[in-house]
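**Student:** Here this note's numbering is used: position 62 in the sequence shown is 570, and no number is missing along the way.
To be clear, the hints were calculated from the coordinates, so they are not data collected in a lab.
Note that the coordinates shown come from a computational prediction; the quantities given were computed from them, not determined experimentally.
Keep in mind that the hints are not guaranteed to be accurate.
[What the hints assert, rightly or not] Per label pair, the in silico range of CB-to-CB distance:
id: 1; residue 1: L520; residue 2: T577; range: 27 to 35 Å
id: 2; residue 1: F566; residue 2: L520; range: 12 to 20 Å
id: 3; residue 1: P514; residue 2: K542; range: 39 to 47 Å
id: 4; residue 1: F566; residue 2: F519; range: 14 to 22 Å
id: 5; residue 1: S578; residue 2: V526; range: 21 to 29 Å
id: 6; residue 1: A533; residue 2: R570; range: 18 to 26 Å
id: 7; residue 1: L517; residue 2: F566; range: 16 to 24 Å
id: 8; residue 1: S536; residue 2: F566; range: 20 to 28 Å
id: 9; residue 1: E571; residue 2: F513; range: 43 to 51 Å
id: 10; residue 1: I567; residue 2: S540; range: 29 to 37 Å
C-beta: ideal position from N, C-alpha, C; glycine also.
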Amino acid sequence: MSFSFPFILLFLLFFHKVANFVKHALLSSIISLKLTAKLMQYHSLLRPSKISKQVTNFIELRELWKLATSWKGHQTSLMTSFHFG
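Full structure from sequences and hints, please.
**Tutor:** Structure, rendered in structure tokens:
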């Protein structure tokens, strides 16, 4: 069974697009899980004796939020490029 060269290139391009989509979906899920874990951790630290820990967690949470919101823009552009080109 022989395949034509353009068919093989088309298949490789499609496989590359699908692999990138799966990779970005997994990274987005990991970021979401980390953000959820930080929110739960921050919510459980409401005692005044742990103020410094709360501040540290808030800073980490803010950094994760920046990462998540910047990732959403990238993911949207990725989805657009995946569907339209």
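**Student:** All the hints need checking, so say for each whether the structure fits it.
**Tutor:** Hint by hint, here is what the structure shows:
no.: 1; hint: L520 x T577: 27 to 35 Å; result: 33 Å, holds
no.: 2; hint: F566 x L520: 12 to 20 Å; result: 46 Å, violated
no.: 3; hint: P514 x K542: 39 to 47 Å; result: 42 Å, holds
no.: 4; hint: F566 x F519: 14 to 22 Å; result: 48 Å, violated
no.: 5; hint: S578 x V526: 21 to 29 Å; result: 24 Å, holds
no.: 6; hint: A533 x R570: 18 to 26 Å; result: 24 Å, holds
no.: 7; hint: L517 x F566: 16 to 24 Å; result: 50 Å, violated
no.: 8; hint: S536 x F566: 20 to 28 Å; result: 23 Å, holds
no.: 9; hint: E571 x F513: 43 to 51 Å; result: 47 Å, holds
no.: 10; hint: I567 x S540: 29 to 37 Å; result: 19 Å, violated
Hints 2, 4, 7 and 10 from the list above are not met by this structure, while the remaining hints are.
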